[in-house]
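Protein sequences, first through last, are from chains A and B.
Numbering follows the numbering used here, in which position 194 of the first sequence is assigned residue number 194; successive positions increment by one, without gaps.
Numbering follows the numbering used here, in which position 56 of the second sequence is assigned residue number 56; successive positions increment by one, without gaps.
The hints are simulated quantities; they were obtained by calculation from the structure and are not laboratory data.
Be aware that a few hints might be false.
[Said to hold, decoys possible] With a Cα cut of at most 30 Å, we get these calculated DSS-like pairs of lysine-lysine: (1) K156/B to K214/A; (2) K14/A to K214/A; (3) K216/B to K39/B; (4) K156/B to K133/A; (5) K252/B to K133/A; (6) K79/A to K156/B; (7) K156/B to K14/A; (8) K105/A to K156/B.
[What the hints assert, rightly or not] Below, a sample of chain B positions facing chain A; criterion: calculated Cβ distance under 7 Å: (9) T157; (10) S161; (11) A164; (12) V165; (13) G166; (14) Q171; (15) V176; (16) Q180.
[What the hints assert, rightly or not] So the derived label-pair ranges between C-beta atoms look like this: (17) L128/A to L234/B: 53 to 61 Å; (18) F178/B to S110/A: 23 to 31 Å; (19) L128/A to R253/B: 27 to 35 Å; (20) L71/B to Q120/A: 41 to 49 Å; (21) R253/B to P231/A: 53 to 61 Å; (22) G187/A to F178/B: 34 to 42 Å; (23) H107/A to F48/B: 49 to 57 Å; (24) L71/B to K79/A: 29 to 37 Å.
In this text, all values refer to a predicted model and were calculated from it rather than measured experimentally.
The beta-carbon is built from N, C-alpha and C at its ideal position, and this holds for glycine as well.
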Amino acid sequence: MKLEVTELTKCYGKTRALDALSLAVESSRVLVLIGPSGGGKSTLLRVLGGLDVGDSGQVTINRQPILTDPNALQAYRRKNGFLFQQFNLFPHHTARRNIALPLEKVHGFSPAEAAAMTEQALARFSLLEHADKLPSQLSGGQQQRVGIARAVARPPEILFLDEPTSALDPEMTAEVLELIQELSEAGQDIILSTHEMGFARAVANQVAFVAAGKIEELSPPDELFGSPKSPLCQRFLSRVMRY
Amino acid sequence: MSRHHRIANAIVAIALVLGFSWLCTMVFALLGNQTDWSKAWNYRETLFRGWWMTLRISLMALVGSTFFGLLFMFGQRSPLVVVRWTCRAFLEFVRDTPLLVHLLFGYFVIFAPLFSRTLGDQGLDDKLIIGVLLLSVFEGAYLGEILRGGVESIPKTQWESARAVGFSPIQVYRYVIFPQALRRVLPAMAGLFVSLIKDSSLLNVIGVAEYFYNTKNFISRSYAGLEGYVPLALGYLILTLPVAWLSHWLEKRFRHET
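Could you put the whole structure together from the sequences, leaning on the hints where they help?
Here it is as structure tokens:
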């Protein structure tokens, strides 16, 4: 994917979540956002994913500018996938229905087609045995995997993941991260934010360090983790890598 | 239950039964020889017609109040401030004034002068239609608040997820928010519908020939007492108890589910 963000600003009340943020990525399959909490990672992802609109600035993804008109944004969300930290699934539907419902109602597939695609997605992520459980009967890791299965059941142009493992214990984290890695190896374009530095290093083509509403540094993972240039990034990494 | 509790329980139960029997005996002793159930039997057709009318009013107002409830709920969630405030003010007014006043004022001052003749010319019962409309608005105001509470109780992440999978604003409500919100508010809604059935008796003030109205006429014509009031209470219970049971059943069922 090719991504260009220019002078993007977004305020919530008096807090400047994004402060004239600019970012240019020529071609990258997996872009990982790291940085301190409250630094603007989530806000940036939300704007990139079409869930929020910047106050000013421009975003262009694969040469297409993201428009601010609600209908255009909805169309944009329809061709991409987005996963939050947790509670992505609709609790009144089974895992299977959670995946099939958007296929039918958003993408216009017939119930039979949607059922077939759902079956395929469930099988792909080894979720068939959980297909008919409600979200409350699934573990956090399983819920996230169903969430991802839903997001990619109809292959999205870009998959956005906002700290997909932050609410999970280490074992579940591993099972979700493995799945994300599989997706990236299968050629899926992904933009994700995470606090898992080892994972970021392993899966990313480009890593962006986001702090105080700006991109402090953007480099390939080996460079950014090996020899960070920005002092902020150095300090952040030395602190999170210590333990 | 401990032994002391069991004994106390038994004593209170006996006391209550004795008290109630004493009250009944006194009442029947006073009225005993005047109570003549054949009076009610003679008026059975009028009474049944009234009861049937109450059932019809209740069903129509149930549909009507659902419509107004949704309208008020969406009105209060409108992006336009003017709409929100108008809705808020109207709801506050409706909820803080008696239904009796709405019926009298709404019928005699507002709607009857405007529509009675038109409705009458088309062979429609203007009192019934206007009465149901006013009752629907009144109960709809409460329902609107119940629905708003339900919709607002759905966590923000559900709205976000629904948007993220690409649902349109209408689909967000239809497939994600309403199914969850309704589960939460169904018991409260059933309780409101019980009130609606009982409140329909007030339509007698504008002359709708419903159950209370017909019973009242029967009582004043035949000097009946118990013969009128007992069937009156029973008639309403037949309508309200199923709804109340439904409400308790729903409450229990959804408590276990969440």
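(Q) Of all the hints numbered above, which does this structure not satisfy? Sort the numbers upward. (A) none
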